[in-house]
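S.K.: Single-letter residue listing:
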Amino acid sequence: MTLLRLTGLSRKFGGLNALTDIDLTIEPNEVIGLIGPNGAGKTTLINVVTGVHPASTGNVVFDGNDITHYKPYQVARSGIARTFQIVQPFPEMNVLDNVAAGAMAAGGARSVNDARNQAMTHLEFVGLMPFADQPASALTLAMRKRLELAKSLAMNPKLLLLDEVNAGLNAAEIDQALKLVREISARGVTILLVEHLMKVVLSLCTRIVVLHHGKLIAQGEPDRVIRDPLVVQAYLGRRYADTEHPNA
Amino acid sequence: MKRDILIGLGLLVLLVIISAVSGPYLLRLSTIVLMYIVLALSWNFIGGMAGYPSFATAAFFGLGAYTGAVVQTSGGSMYVAWCAAALMTAVVSGFLGWVLLRLRGHYFAIASFALVEVFRVLTNSMTDITGGGMGLNLPVPQLASVHAQAVFFFYAMLGLAIVTFAVTLAVSHSKLGFGLRCIQQNEPAADILGIKTTLHKVVAFILSASFVAVAGAVYASWVYYIEPPDVFDIMYSIKPIVMVLLGGAGTVFGPIIGAVLYLSLEEIVWRNLLQVNTGALGVLIVLLVLYLPRGFLSLKFKRLRKKVTT
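Residue numbers (my numbering), protein chains in the order written: chain C, 16 to 263; chain B, 2 to 311.
By construction, these hints were calculated from the structure, which means they are not laboratory data. Be aware that one or more of the hints could be misleading.
Short, incomplete list of chain C residues facing chain B, as computed with Cβ under 10 Å [unchecked claim]:
| hint | residue |
| --- | --- |
| 1 | Q100 |
| 2 | P106 |
| 3 | M108 |
| 4 | P237 |
Please read all numbers here as calculations on a predicted model, not as lab measurements. No residue lacks a Cβ here, since even glycine has one placed at the ideal position from N, Cα and C.
Chain C extracted, bound-state conformation (with noise of 0.2 Å):
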């Protein structure tokens, strides 16, 4: 069974078109990258899908329900959980309540306590422990985007949306959240992500999305979709595009 389905979903904002009719399945257990220049409209699907823009058109289908018009909170509690390419830690809070918010409100956790509890094996799987009694405001950006995916898992979610996990981060960072998100994936939860770095797609996942101008203009299998000239244009250009340069 689809576990997402878009149809005809477009935004505008004012006069801009930022997502035009974008129609776009999601199968279980699927890793997908969504790719596409600065401004294509990634992360503008992402906050269509968990509501924080409301579609202009179109329909967003989860799970078999019509979520479109729900309220964030809604989709969070639906199962499906992001996060932000921005972080967006409780800074004040200590790493421990931050992960307890995520199981406590969408994870569903009848106490405080047992919020606290069901935080601690997230916390440990992303590697946070040692630092659980700490501030949020006070980790490193590395540990910061963990402490994202720790929310994010502690809301049990059946899809995660990962909004450039890897940004600002280093080779050795980048490698060790490959491997969490490698681990997610094994756990059977369904992933999008959004992400730039073509060497992190192309190890990760079964399926590219392309977006370019908020317009779906390819997707399939990671060899075949860089191939595409559609792609290589949107990426580098027309003139490039024609040279027919294979690495692109």
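Once you've looked at the hints, dock chain B against the given chain C.
M.R.: Then chain B, alone, in the frame of chain C:
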């Protein structure tokens, strides 16, 4: 939580002793302190825990006072009047919160500020019910002596303060309190984690209004004459905010400590510097906010004790 309850009980015993041994001056002063403790604890729900700077405290104080006064003048007993004030204000604040809490930051502050003026003008113009600018005379409480009256209202305010404190304690350890803290820290993030932010904020707003309303109704019964500029005084909005910031916003004991501290300062300054008392108090507040921005409770008492002993 157990420790919190113990400290609370200690404070309580202290207050009862004060009332038992004190004369009318101290009795009246501690009744007022208790009233402000209720106001400060109430503001703490919306301003401290949820981080929404509400200036509506005076609006709900006045609404409670007038609801209670109208019930009492039309023959209802004092207790019925106090309950009516709580109910009426809970409903009104629930509706207003549902509308106003869509605003954030300064916009919410200004909107809540306007509530006080709107309520005052409404009360002034509804002459048939409220007596308008002439005010309302309430029945004098049927008690043996003036002193017995003072003692009665001291215990009434004390009871209300205890209830408000107990609710504060319960909320701060509950999922509601946890959710409010998340909202205060980062509302969009709380939303995306599945926290029902609007519901949390409305509940906090209702809590912040209801106890204030009962305090207003008790106050009306106590002084048995109220008029709009008296109970819709904007100082009822501002003082609790200063108290909470003084003591420590979002904490359980901060509002209590802040209220006691502020009123003691006010009393001392007023007594000794009659001519420039508000000026002196203003300077004191500025100094406290500059050097103790996170409130009195943020002082590291443990480190302080170490310094003293070594």
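S.K.: It remains to establish, for every hint, whether it holds in the given structure.
M.R.: Status of the hints after comparison with the structure:
Using the Cβ-Cβ criterion of 10 Å, the hint placing Q100 of chain C at the interface with chain B is not satisfied: the shortest such distance is roughly 13 Å. With a least beta-carbon distance of about 6 Å to chain B, the hint placing P106 of chain C at the interface is held under the 10 Å criterion. Because the closest C-beta pair between M108 of chain C and chain B is about 6 Å apart, less than 10 Å, the hint holds. Restraint check, P237 of chain C versus chain B: the minimum CB separation of about 29 Å is more than 10 Å; hint violated.
Checked against the numbered hints given earlier, this structure breaks hints 1 and 4; the rest are met.
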